[in-house]
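Asks: Listed here are the chains, written in short residue letters.
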Amino acid sequence: MGAYSTRGNGGGGYSASSLLPYVSITGLGLVGLYMLLTGSGEQFAVGEFLLSVSPHMWSLLGISLCVGLSVAGAAWGIFITGASLVGAGVHAPRIVTKNLISIIFCEVVAIYGLIMAIVFTAKLSNIQDASITSSEAYYKGFALFWAGLTTGLCNLVCGVTVGVSGSSAALADAQDSQLFVKVLVIEIFGSIIGLFGLIVGLLVSGKVGN
Amino acid sequence: MATLPPIASDYCPPFAPFFGLMGVASAMLFSSMGAGYGTFKSGIGIAGMGTFRPELMMKALIPVIMAGIIAVYGLVISVLIAGALVPSGYSLYTGFVHLGAGLSVGLTGLAAGYAIGIVGDVCVRGYAYQPRLFVAMVLVLIFAEVLGLYGLIVGLILNTKSSNQC
Chain D
1279 MGAYSTRGNG
1289 GGGYSASSLL
1299 PYVSITGLGL
1309 VGLYMLLTGS
1319 GEQFAVGEFL
1329 LSVSPHMWSL
1339 LGISLCVGLS
1349 VAGAAWGIFI
1359 TGASLVGAGV
1369 HAPRIVTKNL
1379 ISIIFCEVVA
1389 IYGLIMAIVF
1399 TAKLSNIQDA
1409 SITSSEAYYK
1419 GFALFWAGLT
1429 TGLCNLVCGV
1439 TVGVSGSSAA
1449 LADAQDSQLF
1459 VKVLVIEIFG
1469 SIIGLFGLIV
1479 GLLVSGKVGN
Chain G
473 MATLPPIASD
483 YCPPFAPFFG
493 LMGVASAMLF
503 SSMGAGYGTF
513 KSGIGIAGMG
523 TFRPELMMKA
533 LIPVIMAGII
543 AVYGLVISVL
553 IAGALVPSGY
563 SLYTGFVHLG
573 AGLSVGLTGL
583 AAGYAIGIVG
593 DVCVRGYAYQ
603 PRLFVAMVLV
613 LIFAEVLGLY
623 GLIVGLILNT
633 KSSNQC
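Protein chains in written order, with the numbering used here: chain D, 1279 to 1488; chain G, 473 to 638.
Read the hints as simulated data drawn from the structure, not as lab findings.
Idealized CB from N, CA, C, for every residue including glycine.
Errors might be hidden in some of the hints.
Stated by the list, open to error - Covered by chain D, according to a simulated footprint, are these stretches of chain G (three or more residues, beta-carbon under 8 Å):
1. 526 to 533
2. 541 to 552
3. 568 to 575
4. 600 to 610
5. 618 to 629
Make a model of the complete structure from these sequences and hints.
Replies: Dropping the structure here:
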């Protein structure tokens, strides 16, 4: 008698979190169909939405995402590397000082985000007259948004990459100390990804002017 | 509140650069994700096989280099598209062309980087046991890399098709 499931739905049901994506997509599809079939499909206007959000909002969202996502990537990399470093250091404490280089590589990713956010902030200007709706103002808003998002997300990816590579370096170093330098090469290849994001962010925001 | 500019009969609306910039971002972002995954996944394999055969580690760095090249593909298209962006006189057609170019490079780079990561990880571990597998490893990695190159080709062809007639 005690071998029956206590969930009460016959043992073939699904949890709420696994159904959520399908339910939400179906719901959005039904809303879209309703709008289309009742003749109000024109209300879904992407261009109007893009222009109705103020350019100030676009640029400031970009700046905050730049530093926020870069720091999130650096933090992610630091906790991945740090956990492996200290774990491997239990039996090989000699590796600790040398492998702090990996942590510094992750920190540099956060510095990239900080520098780019400061560069973008220098390009902000408080436009309060009618020229806020000009093409140049919208272009500046969009450019700072996408430059910040690109830099932030590239640094997020770079932070994770450097973190996992640094973790491998710490574990390899604990086994055999001559391996550290060779695995460090992999970390250097990983950190150039963040540099590429920085370059693209600089290029895009450099066309903005003041 | 200032009125919004008219957009109904405009082939060069003010929101057109949004899509071109989305192309720049997606080219760089998705290929970075692929390159990053390729780098760290094969790095795990390389560090693991290095504890058994440290003398083979230098040749085993090839997957990492190929993953870096995927990021360079994304950078090339991003720089090309970013160079063509202008604040006014930028047509919506050009915006979508640039979005398409960026997405094609980015998503193919993501796929290629993912493949390079998994292939690199498993192949370097096999290479540690059997050094004659080096040629097979390089061949499989080249086929994975060429997937990213296909996206770059399509992106470059699309980029030449942009025209700013308002």
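Asks: Let me make sure I understand: some of the numbered hints might not hold for this structure. Which ones are they, in numerical order?
Replies: 3, 4 and 5
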